[in-house]
Structure formats: structure tokens, C-alpha cells
Amino acid sequence: MDVRAVAFDFDGTLAAHSGGWTLLHELYGTTASGDERTAAYRNGDLSFEAWCRGNVADWRDRGVTEADIERAADALKLTAGADALLEWVVESDMPFSIISSGVTDLLTPIQPYGPELLVSNDLRFDDNRLVGVEANVGPDDKGDLLERVCADMGVSTAETVYVGDAHTDVEAFEVAGYAILFDPDPRFPDSGYELVDEVHNERDLRHVRDAIADVMD
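Note that this note's numbering has the sequence shown beginning at -15, numbered continuously upward.
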């Protein structure tokens, strides 16, 4: 396969934590209201945008600031092997992007590797105060977004490897040239396995690096 680009999910894939929204609820003591809101969203009573706004309102009420979010991002841990994988991607002169239904402001650990594009949900601040959110990436949006990201990178989806772990990655798996499912989340649907080319259950991204290299040979 002629691999010209790679796209990654973040939460649960490149990042050790499974969900950025959940992590922030845990940090700021708003898990209970967050869980209630998520149940309402899953029941169809809330739009994704309203779900995002409600989460942000919880944190704003707790006095969460831009500096607080920056400290949370700086403390995040990447998955084992993420450094080796990303260094290899950069050395191979392949552009890579992140498409995440989490929070853009938590993607700080990826910045040193020079991602081509970061597409996620952007928190908004005014004079250090959390004031809102721009909801860009819902759970079912990654297929369309991968197509846009590939166009922006000047490659086709057929030339792109996508790596993810969750049900929110299914649409991206459907359009990627090569799909790698990494340490599947328990909610990953059985039907989604028909869309992936490889599954890696061991939580070490060096195996994904080797898998991409094999596909390129």
C-alpha cells in the first residue's frame, strides 16, 4: 500500500486516558452531573452541542480557568510506545493528524511532534475564564472529518492509515485506506470489526508502528 499519511484518535489511543471529557469531570468534581447529561444525550434528549455546552457550564460554575486546563493537559500521559510511533512517523516524512471527539485543549502532549492538523472540540476562554465551547467533532463525525483532513493534507483516504480504539472511530475506519483497531474499548460494536484491517490488543503502540511499516513494504 502507498501510505502517504496517518490519522489518529487521541483518547484511549495515543493518550493513556480513555476520555478527555470524563477526565475533566473527574478532576473538577462534576462526574455525577456529567453522567446524567451523557445518559440524556444517549437517550436522544440532548444534541451533542448541548451536551458539550452543559459540561462546560459545570466547569465554569466550579471556577475552572484556562490555566487549570493547561495544567491538566501538561499532566497527561501518552500510551506506551506513543513516542516511538510518532517519532517514526515524523522520521518517515509522513504528515499525521489527530481527529478526536474529546477536547482540543488536552492535545498538548502531541504538539512537539508537529501534527499537520488537530481536529477536536475547542474550549473558549476570555481573560483566563472558561466561557464556552466550539463543538466540532461528535461521535459520528469522524468519517466526514477524515475525508476533509486528507484533502487538507493533499492525500486521498485510500492512502491514509487510521488508528483508533472506540465506537466513535467506526465511521473513520469505513473510509480509511487501512484501519487499525488498537486495544478496543468495551463499547466497540461487533459490526465494526468488519471494517478494520488489523486489531492490536496489547497496549503498546510500537506494535502499531510495526504494522504500518509492514503495510508500506
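Do not take every clue at face value.
As the list claims (entries may be wrong) - Derived Cβ-Cβ restraints for the label pairs, each shown as a range:
#, residue 1, residue 2, range
1, Pro170, Thr15, 16 to 24 angstroms
2, Ser2, Asp201, 30 to 38 angstroms
3, Gly47, Glu20, 19 to 27 angstroms
4, Asn27, Thr92, 17 to 25 angstroms
5, Pro96, Asp45, 18 to 26 angstroms
6, Asp174, Gly28, 30 to 38 angstroms
7, Met200, Ala16, 42 to 50 angstroms
8, Arg46, Glu178, 37 to 45 angstroms
In case anyone wonders, no lab produced these hints; they're calculated from the structure.
We put the CB at the ideal spot given by N, CA and C, even for glycine.
The hints, checked one at a time:
1. Pro170 - Thr15: 16 to 24 angstroms: 19 angstroms, holds
2. Ser2 - Asp201: 30 to 38 angstroms: 32 angstroms, holds
3. Gly47 - Glu20: 19 to 27 angstroms: Holds: the Cβ-Cβ distance is about 21 angstroms, inside 19 to 27 angstroms.
4. Asn27 - Thr92: 17 to 25 angstroms: With a Cβ separation near 33 angstroms, Asn27 and Thr92 fall outside 17 to 25 angstroms, so the hint is violated.
5. Pro96 - Asp45: 18 to 26 angstroms: 34 angstroms Cβ-Cβ, so the 18 to 26 angstroms window is violated.
6. Asp174 - Gly28: 30 to 38 angstroms: 22 angstroms, violated
7. Met200 - Ala16: 42 to 50 angstroms: Check passed, 47 angstroms falls within 42 to 50 angstroms.
8. Arg46 - Glu178: 37 to 45 angstroms: This hint holds: roughly 43 angstroms between Cβ atoms.
Of the numbered hints given earlier, the model fails hints 4, 5, 6; all others are met.
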